[in-house]
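Work the whole structure out from these sequences, hints included.
Chains A and B supply the protein sequences, listed in that same order.
For the first sequence, my numbering assigns the number 1 to the initial residue and increments by one for each residue that follows.
For the second sequence, my numbering assigns the number 1001 to the initial residue and increments by one for each residue that follows.
No wet-lab data here; the hints were simulated from the structure.
Computed from a prediction, not measured in an experiment: that's the story for all the values here.
All C-beta atoms, glycine included, are put in the ideal place defined by N, C-alpha and C.
Careful, some of the hints might be misleading.
Going by beta-carbon spacing under 7 Å, a handful of chain B positions derived as facing chain A [to be verified]:
no., residue
1, F1039
2, R1095
3, T1173
4, S1177
5, Y1181
6, C1217
7, P1243
8, G1244
9, H1249
10, P1263
11, T1266
So the derived label-pair ranges between C-beta atoms look like this [what the hints assert, rightly or not]:
no., chain 1, residue 1, chain 2, residue 2, range
12, B, C1226, A, M17, 54 to 60 Å
13, B, T1290, A, G96, 26 to 32 Å
14, B, G1065, A, M17, 35 to 41 Å
Covered, in the sense of this in silico footprint (three residues per stretch, anywhere, with C-beta under 8 Å from a C-beta of chain A), are these stretches of chain B [unchecked claim]:
no., segment
15, 1021–1032
16, 1267–1277
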Amino acid sequence: MDVEVDIFSGRPNPRFMLSPVLGDELLRRIEALRPVSEGDHPQDGPSLGGLGYRGLRVHPGAADADDPPVRTGVGPGEVVLAAGVVTVTGAAGKPGTRRFRDPGREVERWLFSSGASDLEPGVVAMVHAQLSGH
Amino acid sequence: MLRITADVYSGRNNPAADVLDAGEARAALRDLARDLDLFSATEQDDTSQGGLGLRGFWVEFLEDGLVHDFDLEARLYLPVAPGAGAGRTAEVAERLVALTERGQQAALPADAPAIDESVRSLLLEQLSATSSVSVADQVAPPQSGPQEQEPADVTCQIEFAAYNPGFWNNDATIRTSNNCYNYASNWRTNTFAQPGRGCGSMYTAITCQEVGRAALCDGMHHRFDCFPDTEKPRYLAALAVIPGGGDYHWYRKMKEGFWGHKPGGTAVRNVDNRGNVILDPAQADRGPYTIFCGYFYGCTSQQRRIR
Chain A
1 MDVEVDIFSG RPNPRFMLSP VLGDELLRRI EALRPVSEGD HPQDGPSLGG LGYRGLRVHP
61 GAADADDPPV RTGVGPGEVV LAAGVVTVTG AAGKPGTRRF RDPGREVERW LFSSGASDLE
121 PGVVAMVHAQ LSGH
Chain B
1001 MLRITADVYS GRNNPAADVL DAGEARAALR DLARDLDLFS ATEQDDTSQG GLGLRGFWVE
1061 FLEDGLVHDF DLEARLYLPV APGAGAGRTA EVAERLVALT ERGQQAALPA DAPAIDESVR
1121 SLLLEQLSAT SSVSVADQVA PPQSGPQEQE PADVTCQIEF AAYNPGFWNN DATIRTSNNC
1181 YNYASNWRTN TFAQPGRGCG SMYTAITCQE VGRAALCDGM HHRFDCFPDT EKPRYLAALA
1241 VIPGGGDYHW YRKMKEGFWG HKPGGTAVRN VDNRGNVILD PAQADRGPYT IFCGYFYGCT
1301 SQQRRIR
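So, in structure tokens, the structure goes:
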């Protein structure tokens, strides 16, 4: 899985790859979250959009389309982690959009830490500053 | 061969012209081929792009040969809306209007008007009215950056386009493939344009000086270094960077008086990070882009150069 750090405005966003093992772990953590119910408006951080760190976007890699994780059944589909909410779109076996609460942005923090070593120090510092400021 | 219909009237049938010469029709399609991404197969549903006055153009094929040869839908629509009239869309629309000069009245019912000289004038007038207003830029902004040097008694004519976020936001590919520099230039390349890449000298560091140099290389000018009328539209843009060189960000002033901007692949907005409408980017909450570099003018040559 390819993870995009949605942070820049002019430059393309930095990205890192998740190994299949970590990808499976991500999906397991997401499925363990409580779904957002109708009328529930979780907002655990700044609004989406704007300048600076906005969240993480997970794009399924080509391999995932043929070999979706079996345990969770989430499979391929874009995942967005931002502002305390995880949004899964277009997952195999579970079409449509599903949203989950991510209290304290814990899954988002875990995912970012999984790839931080592949990123520029300045990016890591910016993201940490905004996640800790939450 | 081709029927061009101007979607402009409300009560009357829209005017149309048929281009019956096969050679003319093929030449026109070859010319339009690079801009086919501006067309859609159906009229836009976005109500913000409807309304009175020129809304767009239909291009219809009267026989199947061209459809097959150019792999097209039988009927295409070019939407023309406030703000979207600037840049490529306006240029394509003007080419369609010019094409009607070589056509003849469409074989439609007797009450369907022809696209004659008076209609062409109306259409061209509508195109320029939808795109921008020209103003005299003579009020210097607050001194807020080391690059700013305002020559005395200089007045430059510039243009402000109407704020049209839908043009950038409604289609996911357009939204994610164009960045702040595209927006500030009011030119969609779908390449996440980078300052200097178009002129062959992309920035090598993210500083006010270096990103500014790259933008000047693409064809921008510092504010108050005027462009001639031949370079219309001439937009007012502003540049900011993150200390330490992380990234840069551009803004563009809109006809409505505020500034718009596009944070990377996210939606165009006219508010800052505190949710306040941006009246001056030098004073706005720019998040981590705390170094304000100054103001620039874009122009039509610069639009066509950016990549």
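Give me the numbers of the hints this structure contradicts, sorted from smallest to largest. 1, 2, 3, 4, 6, 7, 12, 13, 14 and 15
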